[in-house]
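Chains A and B supply the protein sequences, listed in that same order.
Going by the numbering used here, the first residue of the first sequence is number 1, and it counts up by one from there.
Going by the numbering used here, the first residue of the second sequence is number 478, and it counts up by one from there.
Hints were generated in silico from the structure; no laboratory data involved.
Just so you know, even glycine gets a beta-carbon here, dropped at the ideal spot from N, CA and C.
Be aware that one or more of the hints could be misleading.
Quick look at which bits of chain A chain B covers, simulated, 3 or more residues with Cβ under 8 angstroms [to be verified]:
no., region
1, 65-75
2, 134-145
3, 165-171
4, 246-253
5, 336-344
6, 389-399
Taking lysine-lysine pairs in the BS3-like style, the calculated list, with each CA pair at most 27 angstroms apart, reads [said to hold, decoys possible]:
no., chain 1, residue 1, chain 2, residue 2
7, A, Lys436, B, Lys490
8, A, Lys313, B, Lys644
9, B, Lys695, B, Lys625
10, B, Lys648, B, Lys625
11, B, Lys644, B, Lys788
12, B, Lys667, B, Lys648
13, B, Lys628, A, Lys149
14, B, Lys501, A, Lys218
15, A, Lys297, B, Lys532
Each chain, written out:
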Amino acid sequence: MKLIWEKGQSGRRGYIPSPTDTPEVSLEQLLGLEYRKEPLDLPEVSELDVIRHYTNLAHQNYAVDSNFYPLGSCTMKYSPKVNEDIARVEQFQNTHPLCEEGILGSIEIMYKTQELLAKISGMAAVSLQPLAGAHGELTGLMLIKAYQKDHNQLRDEIIVPDSAHGTNPASAAMCGFKVVEVKSKGGLLDPEALKKVVSNKTAAIMLTNPNTLGLFEKDILEIGQIVHASGGLLYYDGANLNALLGKVRPGDMGFDVMHFNLHKTFSTPHGGGGPGSGPVGVSEKIAPYLPLPIAVKTATGFALENDKTKRPKSIGKVATFYGSFGVILKAFSYMINLGKEGLTNASEMAVLNANYLKALLSEVMEVPYSEGTLHEFVATASGLDLSALEIAKALLDYGYHAPTIYFPLIVSEALMIEPTETESPQTLDEFAEVIKEILEKVNYHKEAPHFMPVKRIDEVKAARHPILTRAQLQMSK
Amino acid sequence: MFYTPHTAKDQEKMLARLGVKSIKDLYDTIPQEVFLTDWEFPSGLGEAKTYRYLKELADKNRELTTFIGLGLYDHEIPSAVWALAGKAEFVTAYTPYQAEASQGMLQVIFEFQSMIAELTSMDTANASLYDGATALAEAMLMAVLEKKQKKVAVSLGVNPLYREVLKTYAKAIGIEIKWLPLNEGQTVFKKDDVAAYILQQPNFLGYVEATESFREIKNQTNALGIVSINPVLASVLRKPSAYDADIVCGEGQALGIPMNSGGPLLGFIATKKSLTRKLPGRIVGLTTDRNGKDAFVLTLQAREQHIRREKAGSNICTNQALNALAATIYLALLGKEGLKEVALGAISNTHYLADRLKAIGVKVGDKRPFLMEFPVLLEPKKAHKLKEALLIKGFTPPISLGEFDRNFSDHYLLCATEKRYKQEIDAFVSVWEGIL
Ligand SMILES: Cc1ncc(COP(=O)(O)O)c(C=O)c1O
Numbered sequence: 001m002k003l004i005w006e007k008g009q010s011g012r013r014g015y016i017p018s019p020t021d022t023p024e025v026s027l028e029q030l031l032g033l034e035y036r037k038e039p040l041d042l043p044e045v046s047e048l049d050v051i052r053h054y055t056n057l058a059h060q061n062y063a064v065d066s067n068f069y070p071l072g073s074c075t076m077k078y079s080p081k082v083n084e085d086i087a088r089v090e091q092f093q094n095t096h097p098l099c100e101e102g103i104l105g106s107i108e109i110m111y112k113t114q115e116l117l118a119k120i121s122g123m124a125a126v127s128l129q130p131l132a133g134a135h136g137e138l139t140g141l142m143l144i145k146a147y148q149k150d151h152n153q154l155r156d157e158i159i160v161p162d163s164a165h166g167t168n169p170a171s172a173a174m175c176g177f178k179v180v181e182v183k184s185k186g187g188l189l190d191p192e193a194l195k196k197v198v199s200n201k202t203a204a205i206m207l208t209n210p211n212t213l214g215l216f217e218k219d220i221l222e223i224g225q226i227v228h229a230s231g232g233l234l235y236y237d238g239a240n241l242n243a244l245l246g247k248v249r250p251g252d253m254g255f256d257v258m259h260f261n262l263h264k265t266f267s268t269p270h271g272g273g274g275p276g277s278g279p280v281g282v283s284e285k286i287a288p289y290l291p292l293p294i295a296v297k298t299a300t301g302f303a304l305e306n307d308k309t310k311r312p313k314s315i316g317k318v319a320t321f322y323g324s325f326g327v328i329l330k331a332f333s334y335m336i337n338l339g340k341e342g343l344t345n346a347s348e349m350a351v352l353n354a355n356y357l358k359a360l361l362s363e364v365m366e367v368p369y370s371e372g373t374l375h376e377f378v379a380t381a382s383g384l385d386l387s388a389l390e391i392a393k394a395l396l397d398y399g400y401h402a403p404t405i406y407f408p409l410i411v412s413e414a415l416m417i418e419p420t421e422t423e424s425p426q427t428l429d430e431f432a433e434v435i436k437e438i439l440e441k442v443n444y445h446k447e448a449p450h451f452m453p454v455k456r457i458d459e460v461k462a463a464r465h466p467i468l469t470r471a472q473l474q475m476s477k
Numbered sequence: 478m479f480y481t482p483h484t485a486k487d488q489e490k491m492l493a494r495l496g497v498k499s500i501k502d503l504y505d506t507i508p509q510e511v512f513l514t515d516w517e518f519p520s521g522l523g524e525a526k527t528y529r530y531l532k533e534l535a536d537k538n539r540e541l542t543t544f545i546g547l548g549l550y551d552h553e554i555p556s557a558v559w560a561l562a563g564k565a566e567f568v569t570a571y572t573p574y575q576a577e578a579s580q581g582m583l584q585v586i587f588e589f590q591s592m593i594a595e596l597t598s599m600d601t602a603n604a605s606l607y608d609g610a611t612a613l614a615e616a617m618l619m620a621v622l623e624k625k626q627k628k629v630a631v632s633l634g635v636n637p638l639y640r641e642v643l644k645t646y647a648k649a650i651g652i653e654i655k656w657l658p659l660n661e662g663q664t665v666f667k668k669d670d671v672a673a674y675i676l677q678q679p680n681f682l683g684y685v686e687a688t689e690s691f692r693e694i695k696n697q698t699n700a701l702g703i704v705s706i707n708p709v710l711a712s713v714l715r716k717p718s719a720y721d722a723d724i725v726c727g728e729g730q731a732l733g734i735p736m737n738s739g740g741p742l743l744g745f746i747a748t749k750k751s752l753t754r755k756l757p758g759r760i761v762g763l764t765t766d767r768n769g770k771d772a773f774v775l776t777l778q779a780r781e782q783h784i785r786r787e788k789a790g791s792n793i794c795t796n797q798a799l800n801a802l803a804a805t806i807y808l809a810l811l812g813k814e815g816l817k818e819v820a821l822g823a824i825s826n827t828h829y830l831a832d833r834l835k836a837i838g839v840k841v842g843d844k845r846p847f848l849m850e851f852p853v854l855l856e857p858k859k860a861h862k863l864k865e866a867l868l869i870k871g872f873t874p875p876i877s878l879g880e881f882d883r884n885f886s887d888h889y890l891l892c893a894t895e896k897r898y899k900q901e902i903d904a905f906v907s908v909w910e911g912i913l
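Only chain A is shown next, with the shape it has when bound in the complex (with noise of 0.2 angstroms):
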């Protein structure tokens, strides 16, 4: 292994900043005290250098567009190449977004994201400013508590299933909510459980639909009832809306609040990490609390609203500007380019292709909640001669990424499995066909992985000596 600072030379040069022609300030001069002695420990290294150190990085990662990514709740779809060749486009790059006259174009397609996005949920308004799923919770919880607040109500409470993704009770923490958790009953929130944690306490409910284990909550219009009776919310957790697209909307369903992920359901890809888009959307009773700015339709065409004397209850903002609007932009290609049909067409077959999967995979392996399953279910190697970390790990030698494992909580020994509708049935074969030649050869695999550029990873001792920068690695040495 070597880091880039290796493949150097003191002095080489990578990129030199055009001349600039105005004359050279003193920087020595001018900043006195404040000015920086100390040189930079930054690399020294040619573009060529540059070239190839993360050319050679980017063949030691596995991606949708090399290898079947089947991680439950993160939809790993194919993203349409035609997405990236917009998002490329000069004038969308090239422009600040404190010049309005520049941004004019952008702030059209923002307003159109937000009603096409209003029109798939069922939503009454939204707001593109969040920039990841967890930072849409973080403001959908702030928009709940500004709204409940102004109802004169002090509810702390926010009630999460056991099945719930960790960004919910973190996200409820985080907005100084305390959580309540609720047990699941055979996969699914019982509404009987849900009475004895609901009072007036109960700020909001967090729930995924489908939820974690790839089920849909089929009693959510009773569990609707019975939160909203108390004067609590429901909040929508986006994350699996692609099962759903075109078949049920989280407004009609009785959401107040929700979140997309952009980089989930829309294919604006997922960039190693993000960056993302989490937009909220909210039911009309919320929509006067929604961040600012948000676009609005004008007279004469699209603008950015900002006046908090027209919207006095708006809870402010929480990005530096209107979202990540490279991201918007994709997802509002995506949306366009596919249409009714063809993101009708998406959910439909992300469900065939899953159930498809898990009734192959169902032959060797359990799945617990496993009737009814939308977009993604759970399998569990637990009475199995191979863990779940090493079943995921024996995949990486046949070229496949894991499933999600180890979550969710309430299945010991997970593994998530969510292939996508972009999938081919050919390809779900040799999966399930791999899955089984794994699950015979369990002395071989214990030791997984075989050919990968690492073998099993020691992460005890990442955690316990931690080395995070080079400087801390030279000093271990």
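Chain A is already provided as a structure; the job is to place chain B with the ligand on it using the hints.
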């Protein structure tokens, strides 16, 4: 357009395997009352028409010659940055959960953390946060949790857009913010019982703060010191560690990321060793594999939401990995000397612009040394005329600070990065000359 590979035959075969008649049967857990029979949504345009339509919308934007900043800057971007960062192996991967299959991205992030630690003069950095404003909000939360004290002191020299975000977070969480006023363009610190002092260097007016007063107030109190920096200008400014900063964060867009109408951006955060386990978000560490070979892995995960759930300090999951990659490549290309040259070019251009404007009688705010931005005073009427004239000539008008901060009505903010030519600056100034 469809990107699904299923033929009619495929579907038939799959449904037969499942023993169901139609795809609709797979959805039978959804209550009838809410199952959509139809919904209002436009039909698909297909790829080529989508591209054409979006190109038309792009044409409604204007690529103006940019003379503004306020947290987002029009720097040169080497072609190699996105030639590499645009590689599908990076773009279409996700968070490197499976380390053995993600050594590429993990090493990139390790390098990113190393470079950010160097620029911020801190010991450790995380794998990125969303943007400069949310990074500062996370830093504030870190201090509040560390000090168990729900009060912070924030300089009014912090970017007003960031201040708005801090206010939103503080209000929801119940944190009290004490604002520290500016005097002659510089923050006035006051001794207080707070979790942190929050400063921006240079402040939003472009002025360089006198960092000794930050060090002094830190010595007099038990508070943490948080500084929001500009990573390009950090290459020429006194190290935050030299004035006792504990957490250094900021916006990394200047490092090779296009302006993109405001996003996606790149938040970064770094801290001292003692606070490492309080950092939000992903962190990559170096360890070994079972054969003793160097290997990278996501580490210190016991801080994070997927393990700690409601006890996690932060909820962040997806971050800005691809932009962190772009910034890493940018910093590798620019290197030891290049980044300082960018700073020097931008500062020289900005000073030239200020001098030219002064020479034609514009009131330039130069109470303190400034670097890449400075304010000017304009009467609103003139500012309006100027705005129109500049737009006609293809320039961005200056940012009206009154819109963001009432203390600065009649103040307008300007910026000139290293990307500007002298000729462009002269042409820009001649529009002002015609109006004033
Ligand atoms: C169910 C669920 N909720 C929330 C999130 C958080 O979304 P993001 O990573 O965009 O912040 C995820 C992401 O994995 C998720 O799977």
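Okay, the hints, checked on the actual structure:
no., hint, verdict
1, 65-75, "holds (count 6)"
2, 134-145, "holds (count 7)"
3, 165-171, "holds (count 6)"
4, 246-253, "holds (count 6)"
5, 336-344, "holds (count 8)"
6, 389-399, "holds (count 3)"
7, Lys436/A with Lys490/B, "holds, 21 angstroms"
8, Lys313/A with Lys644/B, "holds, 14 angstroms"
9, Lys695/B with Lys625/B, "holds, 17 angstroms"
10, Lys648/B with Lys625/B, "holds, 17 angstroms"
11, Lys644/B with Lys788/B, "holds, 23 angstroms"
12, Lys667/B with Lys648/B, "holds, 22 angstroms"
13, Lys628/B with Lys149/A, "holds, 21 angstroms"
14, Lys501/B with Lys218/A, "holds, 16 angstroms"
15, Lys297/A with Lys532/B, "holds, 20 angstroms"
Comparing the model with each numbered hint stated earlier shows that all of them hold.
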